[in-house]
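Novice: Chains as they are written, first to last, in UniProt numbering: chain A, 1 to 436; chain B, 1 to 436.
By construction, these hints were calculated from the structure, which means they are not laboratory data. Treat the hints with care, since some could be wrong.
[What the hints assert, rightly or not] Examples of chain A residues lying across from chain B (beta carbon under 7 Å, computed): (1) Asp132; (2) Asn159; (3) Ile165; (4) Gly166; (5) Gly169; (6) Ala171; (7) Ser172; (8) Gly186; (9) Phe198; (10) Gly221; (11) Gly256; (12) Phe263; (13) Phe280; (14) Tyr297; (15) Cys353; (16) Gly354.
Virtual Cβ for every residue (Gly too), placed ideally from N, Cα, C.
2 protein chains.
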Amino acid sequence: MIGLDRTHDVDLRSWVPSANGHLDFPIQNLPLGVFAPGGEALRAGVAIGDAILDLPAVLSANLLSGEAAAAVETAAGEKLNSLLALGAGPRRALRARLSELLAEGQPERGRIAPLLHEASACTLHLPAAIGDYTDFYVGIHHAENIGKQFRPDNPLLPNYKHLPIGYHGRASSIRPSGTAVRRPRGQSNAPGTAEPVFGPSRRLDYELELGVWIGPGNALGEPIPVGEAAAHIAGFCLLNDWSARDIQAWEYQPLGPFLAKNFASTISPWIITPEALAPFRSTLPPRPEGDPRPLAYLTDDADQREGAFDIQLDVLLVTPGMREAGLAPHRVSASNSCHMYWTVAQMIAHHTCGGCNLQPGDLLGTGTISGPDLQSCGSLVEATLGGKQPIQLASGEERRFLEDRDEIILQAHALREGFATIGFGECRAVIGEAVA
Amino acid sequence: MIGLDRTHDVDLRSWVPSANGHLDFPIQNLPLGVFAPGGEALRAGVAIGDAILDLPAVLSANLLSGEAAAAVETAAGEKLNSLLALGAGPRRALRARLSELLAEGQPERGRIAPLLHEASACTLHLPAAIGDYTDFYVGIHHAENIGKQFRPDNPLLPNYKHLPIGYHGRASSIRPSGTAVRRPRGQSNAPGTAEPVFGPSRRLDYELELGVWIGPGNALGEPIPVGEAAAHIAGFCLLNDWSARDIQAWEYQPLGPFLAKNFASTISPWIITPEALAPFRSTLPPRPEGDPRPLAYLTDDADQREGAFDIQLDVLLVTPGMREAGLAPHRVSASNSCHMYWTVAQMIAHHTCGGCNLQPGDLLGTGTISGPDLQSCGSLVEATLGGKQPIQLASGEERRFLEDRDEIILQAHALREGFATIGFGECRAVIGEAVA
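Take these sequences, add in the hints, and give me the full structure.
Specialist: Written out as structure tokens, the structure reads:
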């Protein structure tokens, strides 16, 4: 494992009391984002426990120097694209300095404390302007589950194990956690129906994904080799790629999903850095017997050693009935990032191998990450076998697809013995009013 | 026909001599763009004959007032997005005033002439920052031709005549006319081959499309009704959606084209306004007997009356051999925009019906517009029946797909008796060095 330093030390504690033992944002995490304290202007911040540290204010207080200061200077506006473009050096320098400033024993604590805001009193925004959004399909159990519903005898298409399947998504409709999602209207043509009909989707679904923020980009025509892909990753988030299955089934041939997925996507607003996740990287598991060896442009020793992640992924559901009865959210899925057949480095190498240019602030989705059984499915269409077998909730209710006022909460936690747990924060949204 | 005024008068002449009888940019056109005179800064301009008028300079010279002045004020930077966002009112006011300023008999001619630049001494740039790029598939002969190659017995899928099929494309790799296109590398798996291989595409193709610039956008969750779609169109361009057919065939199942099309798209840099094209709108032809009636959200009386365009579309090819022999470009296709099964208004209404938000500067492609025979195909894969039957060039050469140093030039001209011809300018690019 490369790049571990004292910022990862499990014994490191913060003078911000809520950070110590925090399930998402201990001092070992330090994710970057854009926030607005109630009614004030948007600005860059870092999450620490239940608080957010105002980064431009830290800079103004002369608490940063060198590369760390330069990093925050580029983040002066309402978007972090320029900071992401700087790459790992300034990002690591900023992390190291923030770790010092927020650690127990920091003598400047009295100057820093006033620059903290209670997170509950702030609004979180998209951390960057997303130029292009690409969604992959690297969750192999998901691909198999979906494939079985369409092609029971041949669930995985012949290309699946040769390249990371991906497609372009809609950037304009990506929203941060907390923004209600309107149920889309659209055309569908249920089996046995003579003519397509137009109306609100009746098979609204979530998709549990990880998002990848691109840092430095590449020039058009100049691919990123798989061995250099890590330098282009600025961080990670949770991504709910909301999907209208009835619209999707009718529209997706021959050019892929369109309106079924472009009405909204929700992301967790904090950028979890590669540095924070360094302790949770792991060796790729061997490919199953008989699987093809990836072509050379998708193979790299370092990626084989460090390309996998061990991140626990959960999907929670709150129905209006549960909300009114004061019941806790029901966990409808527990999955893990290890179920990715391709690594993020392979996704980036493939995306750019023909010359396509990535830009700072582009977002890649992994595709739905399902585990091998019904309790680890990353979408309802999988967990309910296409809506045939409803899931039973602790409240006594059941669901085949999402109903109005249902809320979906995605969570991600990286856990490893001997290290502080790193969380992604929440990616949540309520199904709101249908599109009129 | 609505909205014709004296700016459309065929007898209107300009004091810029090259404008009169110009095949693309007579005074009746007045397309908007972004240009840089040799070595100088980028700025907004309007094409007039063989010249470009510097719009900020016209504003500085106090030659504009009211809405026309406001329009140019918003176009102060290097991109026209804010101007596009203003919509039809300011755009029409600017057109009316520019028509006056450039017309014969204009008393201020002496003050305006110094603000003209020779187009041949300028570089043209993308006119706007393209947020999202969506490509449709509304050329019905193209859909049939491609469908026949994959499904000879069932070329059009069941959804085709019920909705305008579309998918999301890559915005970052769109370049203005004149930028060389690098042949992409990628995976392909030719029929009869045991394993996929990685290398330069051997089936590189062009696609003849129209592009649509979005003006005012819509809020997320608030669809644009088909009857209001026209107000969201800022203008049109030519679009070459370069395609690597070997990469496409292997990768496109199940989520659609990805690397086969994201390595480059080329557009003509001038925004041809709806006002310039107003005389060339026409009643939609009746749907063929037996075709389904579109659902209500795709039907509007005004769109039925004015939704079609009569624009002649040409594809010219120059091979290195022709270039060296000094031969004229060979016309490999003559098509027409009337071969669109869906109107632009229907594309916009469909795109947004589920709530997806469009933004000023978004680009929509129509998809390849082929005519009914081999001489009017909008791509080589159609014209050569999938590479089986090469096209013969006047130079004695033949082509199945594009070879290195071939150049493709797309042209568009709106022609109608009693009106000046409106051209789009060129959309050209040479196939350059392969991606390394």
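Novice: Against each hint, give a clear statement of whether it holds in the structure.
Specialist: Do the hints match the structure? See the list:
1. The criterion of a C-beta within 7 Å of any C-beta in chain B is met by aspartate 132/A, whose closest approach is roughly 5 Å, and the hint holds.
2. The interface hint given for asparagine 159/A is met, as the beta carbon of that residue sits about 6 Å from the closest beta carbon of chain B, less than 7 Å.
3. The interface hint given for isoleucine 165/A is met, as the beta carbon of that residue sits about 6 Å from the closest beta carbon of chain B, less than 7 Å.
4. With a cut of 7 Å, the hint placing glycine 166/A at the interface with chain B holds, because the nearest CB-to-CB distance is about 5 Å.
5. Interface restraint check: glycine 169/A against chain B, minimum CB-CB distance 6 Å, threshold 7 Å, status holds.
6. Using the Cβ-Cβ criterion of 7 Å, the hint placing alanine 171/A at the interface with chain B is satisfied: the shortest such distance is roughly 5 Å.
7. Checking serine 172/A against chain B: minimum C-beta separation of about 5 Å stays under 7 Å; hint holds.
8. Against a cut-off of 7 Å between C-beta atoms, the interface hint on glycine 186/A holds, since the closest Cβ of chain B lies about 5 Å away.
9. Given hint, phenylalanine 198/A at the interface with chain B, holds; its Cβ is 5 Å from that chain's nearest Cβ, closer than 7 Å.
10. Residue-level restraint check for glycine 221/A holds (minimum Cβ-Cβ distance to chain B is 4 Å; threshold 7 Å).
11. Residue-level restraint check for glycine 256/A holds (minimum Cβ-Cβ distance to chain B is 3 Å; threshold 7 Å).
12. For the restraint placing phenylalanine 263/A at the interface with chain B, the shortest Cβ-Cβ distance is roughly 4 Å, inside the 7 Å limit, so the hint holds.
13. Look at phenylalanine 280/A: its Cβ only gets to about 29 Å from chain B, farther than 7 Å, so that hint breaks.
14. Checking tyrosine 297/A against chain B: minimum C-beta separation of about 6 Å stays under 7 Å; hint holds.
15. Taking 7 Å as the C-beta cut-off, the interface hint given for cysteine 353/A holds, the closest approach to chain B being about 6 Å.
16. Given hint, glycine 354/A at the interface with chain B, holds; its Cβ is 3 Å from that chain's nearest Cβ, closer than 7 Å.
Checked against the numbered hints given earlier, the structure breaks only hint 13 and satisfies all the rest.
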